[in-house]
Amino acid sequence: MMDFKKSKGWVLGVCLLAGASALGKDRLILDMVHHNPGDKPYDSAYVDPAVIKEMGYNGKVYFLFESPALAINWESVDPDILPKGSEEREWVDAKAAQIKQMHAACKAQDIKTYAMSDLILFPKRLIAKYGIEKTFGNPQNPQVEKLLRAQINEMFDQFPDFDGLVVRIGETYLQDAPYHQGHIQNKTSPEKTIIPLMNILRDEICVKRDKTLIFRTWRAFDNNEPRYQAVSDAVEPHPNLIISIKHCEGDFFRTNPYSRCIGMGRHRQIIEVQCAREYEGKGAYPNYVANGVIEGFEEHATMPPGKINSLRSFYEKTPELFAGVWTWSRGGGWEGPYIKNEMWCDLNAWVTAQWALDPSKSEESIFNRYATERLNLKGEDLPKFRRLCLLSADSVLKGRYSARGGMKVNWTRDQGIGWPNIHENADIHKRDLRHKDEAMVQWQEIVELAQSIQWADEQTREHAIGSAKYGLHLYEIYRSVIYLADAEAKKDQAGIQQWIKAYDAAWAAYNRLPEQYPSVATLYTQDYVRHIKDPADQKVNRLRN
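Under our numbering, the first residue of the sequence shown carries the number 153, and numbering increases by one thereafter.
Some hints here could point you the wrong way.
Said to hold, decoys possible - List of simulated lysine-lysine pairs, DSS-like, C-alpha gap at most 30 Å:
#, residue 1, residue 2
1, Lys281, Lys252
2, Lys363, Lys264
3, Lys582, Lys560
4, Lys264, Lys247
5, Lys264, Lys360
6, Lys560, Lys339
Said to hold, decoys possible - Pairwise CB distance ranges (calculated):
#, residue 1, residue 2, range
7, Glu576, Gly647, 13 to 21 Å
8, Gln381, Lys259, 36 to 44 Å
9, Glu667, Lys459, 42 to 50 Å
10, Glu600, Ala257, 39 to 47 Å
11, Ala453, Asp230, 55 to 63 Å
12, Ser228, Glu576, 56 to 64 Å
13, Asp245, Thr287, 24 to 32 Å
14, Lys286, Asn573, 39 to 47 Å
15, Ala386, Glu667, 53 to 61 Å
16, Ala453, Lys286, 47 to 55 Å
17, Thr287, Pro231, 18 to 26 Å
18, Ala453, Lys685, 28 to 36 Å
These are computed hints drawn from the structure, not numbers from a lab. Cβ atoms here follow ideal geometry from the backbone N, Cα and C, with glycine treated the same way.
Start from the sequences, fold in the hints, and give me the full structure.
Okay, structure coming up:
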């Protein structure tokens, strides 16, 4: 694989950053590697602050289990909470040393440090000692508020170079936090939880310490306009208070609506973008989403006039609220596929970061810079690469989703494939099947384009072709499963047998890929059941008879 950090575009990129940084000096351009909870951390170039700085980022968000919330010793509150010599204290001290090294690496690159933290999160020993098992998730409880303020105080005292906190209340992960417990009550209630918690954090972080608070809307007030407006009206704006929203409602699915809360209210907003999408292969195959995120996906083109449906329209309609972008260069979801080459997520992350530096630029102009500066493509290979990437976005939409959102969007995710439902509307279902056929034609063209481009080196060529074939054969599996569901619904026994053969052939071709192309990601597996309600392979085996 080409060394993106040391490619000939590196020096040019640094020079361009010097000028662009003046345009967006108050804009946050953040990246995070979202490691799989409970799994081995990703081996990723984007862990290195020097790499993301060169890409255009000015801040790094550390993942949940790299947060100072897990690494403070609580001595200012009560030295008996985590007494020296205890197993819990040794774990916390080791975590603190690890985090300080990470922060030092960022400071050496003049990159700001932020940490995502689940709240409310306390040591188990603290919860037990103070007898707050039933109340510690309530930020309006006076004792909980006092402890929460003390926690913030310890975080910034013990980690003084820490620039800000990214708060999540929609979920709580504890897979890599054995000595802590987390909980939040009424997480979707502005009055009971969101407003009082945000005001406490605003006071402690923004006002008292002049640090940054980024409050995530995820699964709390991200897709409810009255709820969002209530929060905005009740919490006084502050230059250091930013609200974070995913560009689409709910999770990162193509057919989900564009977030209706983007551009609302009084607070600046930072937009979250997943670059190696967990429901779409995690970077295992070409899947260019930066164009759609910046300029607008085709599925959002029919929104009413005046509605925000892209990063560009957000920036142009409400520039005073545009705080920047926050990419997840890697991660999201659980387990595999695990990629060995970061080419496709690098494309999404680099283009998004460079656009955020100067939103007056078109996505296409930045894309062409990527092709020339980081991939060293020339001449006719530029439009070929552009077509390959735009085709990838369309083929993912047609081959994996339903045109009208009728298929359950999480029927396939992570490294698993479930049994798809079929749309109850016969005409839409017929169109869905046609789109699966069209996606296969597109994937064939993607492979042909990858083979025809003069890549800068053999490693890049091998991966480009191998990952394109990965997409081709995976979507052949998808197509055969969807047609099988159709044949079963029609009680078409001949069709069932036909598509079982196609299913088996697609899996056989897919499973041969690692032998032919060693750099491809780990494969989807037929026995994967995590978060897969009705595994496709089990259903196929029942249909064989």
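For each hint, the structure was consulted:
no., hint, verdict
1, Lys281 - Lys252, "holds (29 Å)"
2, Lys363 - Lys264, "holds (11 Å)"
3, Lys582 - Lys560, "holds (16 Å)"
4, Lys264 - Lys247, "holds (19 Å)"
5, Lys264 - Lys360, "holds (19 Å)"
6, Lys560 - Lys339, "holds (25 Å)"
7, Glu576 - Gly647: 13 to 21 Å, "holds (20 Å)"
8, Gln381 - Lys259: 36 to 44 Å, "holds (38 Å)"
9, Glu667 - Lys459: 42 to 50 Å, "holds (49 Å)"
10, Glu600 - Ala257: 39 to 47 Å, "holds (42 Å)"
11, Ala453 - Asp230: 55 to 63 Å, "holds (57 Å)"
12, Ser228 - Glu576: 56 to 64 Å, "holds (60 Å)"
13, Asp245 - Thr287: 24 to 32 Å, "holds (28 Å)"
14, Lys286 - Asn573: 39 to 47 Å, "holds (40 Å)"
15, Ala386 - Glu667: 53 to 61 Å, "holds (60 Å)"
16, Ala453 - Lys286: 47 to 55 Å, "holds (49 Å)"
17, Thr287 - Pro231: 18 to 26 Å, "holds (23 Å)"
18, Ala453 - Lys685: 28 to 36 Å, "holds (32 Å)"
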